[in-house]
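Peer 1: Spelled out, the chains give:
There are 2 protein chains.
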Amino acid sequence: MGRDKGDKKSYELKTPKGTKDWDGKDMVIRDQIFSKITEVFKRHGAVTIDTPVFELKEILAGKYGEDSKLIYDLADQGGELCSLRYDLTVPFARWLAMNSSIQSIKRYHIAKVYRRDQPAMTKGRMREFYQCDFDIAGVYDPMLPDAEIIRITCEIFEALEWSGRYTIKINHRKILDGLFEVCGVPTEKLRPISSAVDKLDKSPWSEVRREMTEEKGLDPEVADRIGEYVVLSGGKDLLERSQKDEKLSARGLLERLQKDEKLSANASAKAGLDDMDLLFTYLETFEVLDRISFDLSLARGLDYYTGVIYEVITEGSRPQTSEEEDRSNDPSVGVGSVAAGGRYDGLVSMFSGKKDNLPCVGISFGVDRIFSITKQRRAADTSAAPIRLNEVDVFVMAFGSGLLTQRMQVAKRLWDAGIKAEFSWKAKPKLPQQFKAAEVNGVPWSVILGEDELAKGQCKIKQNGLSEDHPEKNGVLVEMKDLEAELFKRLGRKELGSLPESGVLLDGAKNGMNGLSLEEAAREAPKTG
Amino acid sequence: MGRDKGDKKSYELKTPKGTKDWDGKDMVIRDQIFSKITEVFKRHGAVTIDTPVFELKEILAGKYGEDSKLIYDLADQGGELCSLRYDLTVPFARWLAMNSSIQSIKRYHIAKVYRRDQPAMTKGRMREFYQCDFDIAGVYDPMLPDAEIIRITCEIFEALEWSGRYTIKINHRKILDGLFEVCGVPTEKLRPISSAVDKLDKSPWSEVRREMTEEKGLDPEVADRIGEYVVLSGGKDLLERSQKDEKLSARGLLERLQKDEKLSANASAKAGLDDMDLLFTYLETFEVLDRISFDLSLARGLDYYTGVIYEVITEGSRPQTSEEEDRSNDPSVGVGSVAAGGRYDGLVSMFSGKKDNLPCVGISFGVDRIFSITKQRRAADTSAAPIRLNEVDVFVMAFGSGLLTQRMQVAKRLWDAGIKAEFSWKAKPKLPQQFKAAEVNGVPWSVILGEDELAKGQCKIKQNGLSEDHPEKNGVLVEMKDLEAELFKRLGRKELGSLPESGVLLDGAKNGMNGLSLEEAAREAPKTG
Chain A
1 MGRDKGDKKS YELKTPKGTK DWDGKDMVIR DQIFSKITEV FKRHGAVTID TPVFELKEIL
61 AGKYGEDSKL IYDLADQGGE LCSLRYDLTV PFARWLAMNS SIQSIKRYHI AKVYRRDQPA
121 MTKGRMREFY QCDFDIAGVY DPMLPDAEII RITCEIFEAL EWSGRYTIKI NHRKILDGLF
181 EVCGVPTEKL RPISSAVDKL DKSPWSEVRR EMTEEKGLDP EVADRIGEYV VLSGGKDLLE
241 RSQKDEKLSA RGLLERLQKD EKLSANASAK AGLDDMDLLF TYLETFEVLD RISFDLSLAR
301 GLDYYTGVIY EVITEGSRPQ TSEEEDRSND PSVGVGSVAA GGRYDGLVSM FSGKKDNLPC
361 VGISFGVDRI FSITKQRRAA DTSAAPIRLN EVDVFVMAFG SGLLTQRMQV AKRLWDAGIK
421 AEFSWKAKPK LPQQFKAAEV NGVPWSVILG EDELAKGQCK IKQNGLSEDH PEKNGVLVEM
481 KDLEAELFKR LGRKELGSLP ESGVLLDGAK NGMNGLSLEE AAREAPKTG
Chain B
1 MGRDKGDKKS YELKTPKGTK DWDGKDMVIR DQIFSKITEV FKRHGAVTID TPVFELKEIL
61 AGKYGEDSKL IYDLADQGGE LCSLRYDLTV PFARWLAMNS SIQSIKRYHI AKVYRRDQPA
121 MTKGRMREFY QCDFDIAGVY DPMLPDAEII RITCEIFEAL EWSGRYTIKI NHRKILDGLF
181 EVCGVPTEKL RPISSAVDKL DKSPWSEVRR EMTEEKGLDP EVADRIGEYV VLSGGKDLLE
241 RSQKDEKLSA RGLLERLQKD EKLSANASAK AGLDDMDLLF TYLETFEVLD RISFDLSLAR
301 GLDYYTGVIY EVITEGSRPQ TSEEEDRSND PSVGVGSVAA GGRYDGLVSM FSGKKDNLPC
361 VGISFGVDRI FSITKQRRAA DTSAAPIRLN EVDVFVMAFG SGLLTQRMQV AKRLWDAGIK
421 AEFSWKAKPK LPQQFKAAEV NGVPWSVILG EDELAKGQCK IKQNGLSEDH PEKNGVLVEM
481 KDLEAELFKR LGRKELGSLP ESGVLLDGAK NGMNGLSLEE AAREAPKTG
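These protein sequence lines map, in sequence, to chains A and B.
Residue numbers are given in the working numbering: position 454 of the first sequence equals residue 454, and the series is strictly consecutive.
Residue numbers are given in the working numbering: position 476 of the second sequence equals residue 476, and the series is strictly consecutive.
Hints in this document: simulated from the structure, not taken from any laboratory.
Incorrect hints may have been included.
The list treats identical chains as interchangeable, and a pair is accepted whether it falls inside one copy or across any two copies.
[To be verified] Straight-line alpha carbon distances no greater than 25 Å define the calculated PhoX-like cross-link-like pairs of lysine-lysine that follow:
1. Lys-473 - Lys-216
2. Lys-20 - Lys-42
3. Lys-462 - Lys-262
4. Lys-436 - Lys-42
5. Lys-57 - Lys-14
6. Lys-112 - Lys-14
7. Lys-262 - Lys-189
8. Lys-354 - Lys-14
9. Lys-262 - Lys-202
10. Lys-42 - Lys-462
11. Lys-112 - Lys-25
12. Lys-14 - Lys-426
13. Lys-189 - Lys-270
14. Lys-57 - Lys-69
15. Lys-17 - Lys-436
16. Lys-112 - Lys-17
17. Lys-17 - Lys-69
18. Lys-112 - Lys-57
19. Lys-354 - Lys-20
20. Lys-17 - Lys-57
21. Lys-199 - Lys-112
22. Lys-426 - Lys-270
Model the full structure from these sequences, guided by the hints.
Peer 2: Printed below as a string of structure tokens:
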């Protein structure tokens, strides 16, 4: 908190309510998550688009029901009325409607969205937070894009090293609708009853039944019939549910429902079950069926879903230690879920006004929640390597008289070779200060210059952090002319990725003016298996 | 443009004025630019921070002079009053003031900023646009961070392949102030006269002189004395200026000014000249002095600069073909410049209220303008490889009866191996359609499945786009079990980067269930030099 002195107005030095700065290790962890997720999307041929942070107010109007009150509006400063985007789905649908020549796309979008939560909220829910959406638009054969989205979801959580710690709960809107019809739910009560069912992940059936009958006026017999279905689930079971009396596989539950004569006779339920049958076949081919739980209590809040729906849950879905990350009222991510989505075949035509729908299926990853779980797990993992703030490979230092020009010349050679390098911005820094600077940032290697060594055309390369009794603790003498090659050898042994991917060398390096060129050095360096 | 039919309100389907969607090849080019710039920043040990898109209104107040009217405000919906960020410098200074434990940092930030330009503007200036800022905060020995910023700037434009096509104009606020004092400019006229000088890059001296004397009431003799100095420049000269009567090097001009007895006797000018002397020495060591032009007419608009100032210009700085990218009134980027910045030692204390300044030096890259120049040049370069929308390496296809399951199994194997792969989401696609899909996206390789080949445990790998008479035009038969290794061989020969950097494999691949594991395949593949 800072207050201006003197004649200036005083004010509090802070970010706006519900927003935060990302910096330090949090920023590094977040970037690693984004980069792993992006890598999976690209592996499946996705492209990204970027839409403005605000949309015309009327584009967002009527899309979020009663949550519309949470939309941030821009001030009316003349001209168009605009609002900050509330999610990434509506801008995507708007973009598709505007670009009608695009009949198919796989797009991802990682960006901030804005929700003006009630000022009374004490939970610290963020008002600016990241979403990471992947959607497939286009007319394809049934369930193929849907299956690939499930596969992509699995690849992402494997990439995040959550293997065995997540379950994809899956259901189908048409099965739910058919099931409610079969049980005798009046048409006008379909949505309220569906939303009551959606609470089964946090409330027992008895409580949900009470809501249906007492609050929503459902015939108790109808409620009991629903109860026979919605407690059913089959497949991977991460979070135990007390109501479950038998353990089915996802395929087992599907077969049981397919044998249910009342359900099979209902057109909607039949269509949903056929979809699920095909989907399960594809998921078996993709070897990810064992990661899903077919769960009849999954209903999802948003109205626009028309087919398969899913939510990803994890054992760490509800971290009680970090209140900030709670999104329990966030409609895009279900309670306790880290990703959620489904098929929405009618949304684009709401914008285009065309009768022909552009079918879509997608998923939204709750990256803020994924971040906080990842951070917790990393903190608990004592064997994990410490997180480095920057990626510097080499700290260039000198003992004695400072050797500023020489340190700068060496840093320049390393930058030319694509090696990440720093040196102290002091003319005559003390050696311990330089070691300290390297140590603080976890820089793995030092190049140490000394007048005597330089006179012989040599310098030292030292691996930082070696134990006192290590034979190379004081570094290894190398010829100055071989410096890049010697470093490539060491960096190559430790890690790939220290070579720049693109040709970003300065002229000096291209002309081979300074020791080895990158190409020569790369040839010199041993390959890693 | 779409209008809803029926009872819904009709509205125009568009993005808000001054904003745009980024998609297709533009998005790919932009991402490549961001990634090259980021790579250079990381090579120099920079970290990134991310601040909210809006700040408290009072944080921005009083920072932008008369341009404050361009700030976007959020509507008053109760609670704090907020505004969209206008640049990335003020949020950085606010962050530094809030985090007073941070005494030094090199940070970059690539993000959108918002300026509500006059609705009367017909130039199509964007209201939402990207800035890419790099700043160094901390107390260091003189000119060392400043020199590294110039070096970083050169590395970035080299990475963007602008070699030989850019010039860094450089000057020093203290030299300018001293020069004006020596010439006899009254203190109260320092800023107006400085801003008149700043126009010398688009107006002749006669016009600037007229403004000084007629509009700003400067004594004509004083103006003439200024005129003797500010037409001087030395060093790399990209854009010819008619007033220049002799060709000096940057060092040559510096020496001439150092010999100027009146200037040297002025404390401010002397301090600036000493700084420049040291800076030039460092730039020589970094081998980038030949890319700068010491230009006494460079003044920069923003008041907060206290030391060295610079602007990067290019032969394509003023593209007349694309009106959208014009930023001629953008104070963060000088007229015709693609990057600009300088030293600002007093800004952080405006927020912290502390007497001790945290000195800063930084540069802001006009990435929208860099984008439009890059795009123009790429379009003009007929030898350049076409821009691919996605990065898919392999399209998995089949002839005959569709072979959907087999195509899915192969795609899964490739994903497990980190190979970017797609297949048609049709159960029985026609072969020409599959080739077409691969061709449209420029996918370099196809894996072609056929029943006869599969029965023998084989499939074909085909390089797409081979000429009719190429011996491998119809593909090469390989053993199914060797598929990943065969593809690694071919992809490795063509490009690095198809191997995932992180361990993102599914269990199947880890267990070696499907042909070779990634590690085995990588060992099999020949290394590229």
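Peer 1: Now, for every hint given, state plainly whether the structure supports it.
Peer 2: Checked hints:
In this homomeric assembly, Lys-473 and Lys-216 never come within 25 Å of each other (Cα to Cα): the closest approach is 74 Å inside a single copy and 68 Å across copies. In this assembly of identical chains, Lys-20 and Lys-42 lie within 25 Å of each other by CA distance solely across copies; the values are 24 Å between and 29 Å within a copy. Taking CA atoms no more than 25 Å apart as the test, Lys-462 paired with Lys-262 passes in neither setting, with 75 Å inside one copy and 51 Å between copies. For a Cα distance limit of 25 Å, the shortest separation of Lys-436 from Lys-42 across copies, 20 Å, qualifies, whereas the shortest one inside one copy, 40 Å, does not.
Proximity of Lys-57 and Lys-14 under a CA criterion of 25 Å is satisfied inter-copy only: 11 Å between copies versus 28 Å inside one chain copy. Within a single copy, Lys-112 and Lys-14 get their C-alpha atoms as close as 19 Å, and across copies as close as 20 Å, so both meet the 25 Å cut-off. For a Cα distance limit of 25 Å, the shortest separation of Lys-262 from Lys-189 inside one copy, 20 Å, qualifies, whereas the shortest one across copies, 89 Å, does not. In the homo-oligomer, the alpha carbons of Lys-354 and Lys-14 lie at most 25 Å apart only across protomers (16 Å), although the nearest pairing inside one protomer, at 47 Å, exceeds that limit.
Taking identical chains as interchangeable, the C-alpha atoms of Lys-262 and Lys-202 are never at most 25 Å apart, the minima being 29 Å within one chain and 81 Å between chains. For a Cα distance limit of 25 Å, the shortest separation of Lys-42 from Lys-462 across copies, 22 Å, qualifies, whereas the shortest one inside one copy, 38 Å, does not. In this assembly of identical chains, Lys-112 and Lys-25 lie within 25 Å of each other by CA distance both inside one copy and across copies; the values are 19 Å within and 23 Å between. Taking the closest pair of Cα atoms, Lys-14 and Lys-426 never come within 25 Å of each other, the shortest separation being 33 Å inside a single copy and 54 Å across copies.
In this assembly of identical chains, Lys-189 and Lys-270 lie within 25 Å of each other by CA distance solely inside one copy; the values are 21 Å within and 83 Å between copies. Taking the closest pair of Cα atoms, Lys-57 and Lys-69 come within 25 Å of each other both inside a single copy (12 Å) and across two copies (22 Å). In this homomeric assembly, Lys-17 and Lys-436 never come within 25 Å of each other (Cα to Cα): the closest approach is 38 Å inside a single copy and 51 Å across copies. Taking the shortest Cα distances, Lys-112 and Lys-17 sit within 25 Å of each other both inside one copy (15 Å) and across copies (20 Å).
In the homo-oligomer, the alpha carbons of Lys-17 and Lys-69 lie at most 25 Å apart both inside one protomer (17 Å) and across protomers (24 Å), since each shortest distance falls under that limit. Taking CA atoms no more than 25 Å apart as the test, Lys-112 paired with Lys-57 passes in both settings, with 18 Å inside one copy and 20 Å between copies. Taking identical chains as interchangeable, the C-alpha atoms of Lys-354 and Lys-20 lie at most 25 Å apart only when they sit on different chains, with a minimum of 23 Å there against 41 Å within one chain. Taking the shortest Cα distances, Lys-17 and Lys-57 sit within 25 Å of each other both inside one copy (22 Å) and across copies (12 Å).
Taking the shortest Cα distances, Lys-199 and Lys-112 never come within 25 Å of each other, neither inside one copy (28 Å) nor across copies (39 Å). When the C-alpha separation of Lys-426 and Lys-270 is checked against a cutoff of 25 Å, the pair qualifies only between copies, where the shortest distance is 22 Å, while the shortest distance within a copy is 75 Å.
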